[in-house]
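**Q** Quick note, the sequences are listed as chains A and B, same order.
Quick note: the first sequence uses my numbering, first residue 1, plus one each step.
Quick note: the second sequence uses my numbering, first residue 1001, plus one each step.
Treat the hints as calculated values from the structure; they're not laboratory data.
Just so you know, even glycine gets a beta-carbon here, dropped at the ideal spot from N, CA and C.
Heads up, a few of these hints could be off.
What the hints assert, rightly or not - Here are the simulated SDA-like cross-link-like pairs (lysine to any residue), alpha carbons at most 20 Å apart as the crow flies:
1) Lys1041/B / Ser53/A
2) Lys1020/B / Ser1005/B
3) Lys42/A / Ser1009/B
4) Lys42/A / Glu1022/B
5) Lys98/A / Ala1002/B
6) Lys1020/B / Leu1076/B
7) Lys42/A / Ser1116/B
8) Lys1041/B / Asp39/A
9) Lys1014/B / Thr1057/B
10) Lys1041/B / Ser12/A
11) Lys1/A / Gly1061/B
12) Lys1041/B / Asp84/A
13) Lys1041/B / Thr106/A
14) Lys1041/B / Gly41/A
15) Lys1041/B / Ser65/A
16) Lys1064/B / Ser1054/B
17) Lys68/A / Asn22/A
18) Lys98/A / Lys1014/B
19) Lys98/A / Thr1057/B
20) Lys42/A / Thr1078/B
21) Lys1041/B / Ile7/A
Said to hold, decoys possible - What the simulated footprint calls covered on chain B by chain A, stretch by stretch (three residues with Cβ under 8 Å from a Cβ of chain A suffice, anywhere in the stretch; the number is not a length):
22) 1042-1049
23) 1104-1113
Stated by the list, open to error - Chain A is nowhere near these chain B residues, computed Cβ spacing over 12 Å in every case:
24) Val1004
25) Val1019
26) Lys1066
27) Asn1070
28) Arg1097
These are the residues of each chain, in order.
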Amino acid sequence: KQEVTQIPAALSVPEGENLVLNCSFTDSAIYNLQWFRQDPGKGLTSLLLIQSSQREQTSGRLNASLDKSSGRSTLYIAASQPGDSATYLCAPYTNAGKSTFGDGTTLTVKP
Amino acid sequence: GAVVSQHPSWVICKSGTSVKIECRSLDFQATTMFWYRQFPKQSLMLMATSNEGSKATYEQGVEKDKFLINHASLTLSTLTVTSAHPEDSSFYICSARAGTGYSNQPQHFGDGTRLSIL
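From just these sequences and the hints, can you work out the full model?
**A** See below:
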């Protein structure tokens, strides 16, 4: 059974800082891994999708890396802004045909 | 980008009522749809996976007769909470994925439905 751990559980930083969110998973037989953000009371917004054959993906100020063999992924956020405040979730997708979600990292970016 | 529409966004009803939640993929064909439940300050718990035209696959501990899932077309899946009780109150979120088999397509989510049973 896939288990996903996200560290830290919560993070509070001043605006402008670069930061790294960590995700680890126990079953490395994944097809892809997706990073999402969730705002309070809302659904999930897809940020980045990394295929199992890829090492990283970039979208604007976001960069996600994947080390499949060690079961780790990181989400790097450059020059953080108050609008980045949300809960960030990672979800590896395995051959069980479903994604498993971590508990998320709740990010607060202070102006 | 791909859009998933979920309705209603908020439901308040009396105990014993059945509630239907709709999930639609607006601009792509969703071969597979997923239904999740989320409790406050917790992550998403997968309830069931549905593939168009076939019966849903429920996760362990999820009552099939309680949570009826229908995925009759490539753009619509419904979740019906039958004879809802206060303990069914939760945030329900659907998601959809294009492609077949072990698709490498991303998963797209609706905005969720807040269900409150009085």
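**Q** If a hint holds in the structure, say so; if it doesn't, say that too.
**A** Evaluation of the provided hints:
1. Lys1041/B / Ser53/A: With Cα atoms ~33 Å apart, Lys1041/B and Ser53/A exceed 20 Å; violated.
2. Lys1020/B / Ser1005/B: Holds - the C-alpha atoms of Ser1005/B and Lys1020/B are around 14 Å apart, at most 20 Å.
3. Lys42/A / Ser1009/B: holds (9 Å)
4. Lys42/A / Glu1022/B: holds (16 Å)
5. Lys98/A / Ala1002/B: holds (19 Å)
6. Lys1020/B / Leu1076/B: At roughly 12 Å apart (the allowed maximum being 20 Å), Leu1076/B and Lys1020/B satisfy the hint.
7. Lys42/A / Ser1116/B: The given pair, whose Cα atoms are some 16 Å apart, holds under the 20 Å limit.
8. Lys1041/B / Asp39/A: holds (12 Å)
9. Lys1014/B / Thr1057/B: violated (28 Å)
10. Lys1041/B / Ser12/A: holds (17 Å)
11. Lys1/A / Gly1061/B: Roughly 15 Å between the alpha carbons, so the hint for Lys1/A and Gly1061/B holds.
12. Lys1041/B / Asp84/A: holds (18 Å)
13. Lys1041/B / Thr106/A: holds (10 Å)
14. Lys1041/B / Gly41/A: Given pair Lys1041/B, Gly41/A holds - Cα atoms ~10 Å apart, limit 20 Å.
15. Lys1041/B / Ser65/A: Measuring from Cα to Cα gives roughly 26 Å; hence the hint is violated.
16. Lys1064/B / Ser1054/B: Within the cut-off at roughly 14 Å; holds.
17. Lys68/A / Asn22/A: holds (13 Å)
18. Lys98/A / Lys1014/B: violated (33 Å)
19. Lys98/A / Thr1057/B: holds (11 Å)
20. Lys42/A / Thr1078/B: Between Lys42/A and Thr1078/B the Cα gap is close to 19 Å, so the pair holds against 20 Å.
21. Lys1041/B / Ile7/A: OK: Lys1041/B and Ile7/A at ~15 Å, within 20 Å.
22. 1042-1049: holds (count 5)
23. 1104-1113: Contact hint for the segment 1104-1113 of chain B vs chain A: holds, 8 residues under 8 Å.
24. Val1004: violated (8 Å)
25. Val1019: Fine: 18 Å to the nearest Cβ keeps Val1019/B off the interface.
26. Lys1066: holds (20 Å)
27. Asn1070: Non-interface label stands for Asn1070/B: nearest chain A Cβ at 19 Å, farther than 12 Å.
28. Arg1097: violated (9 Å)
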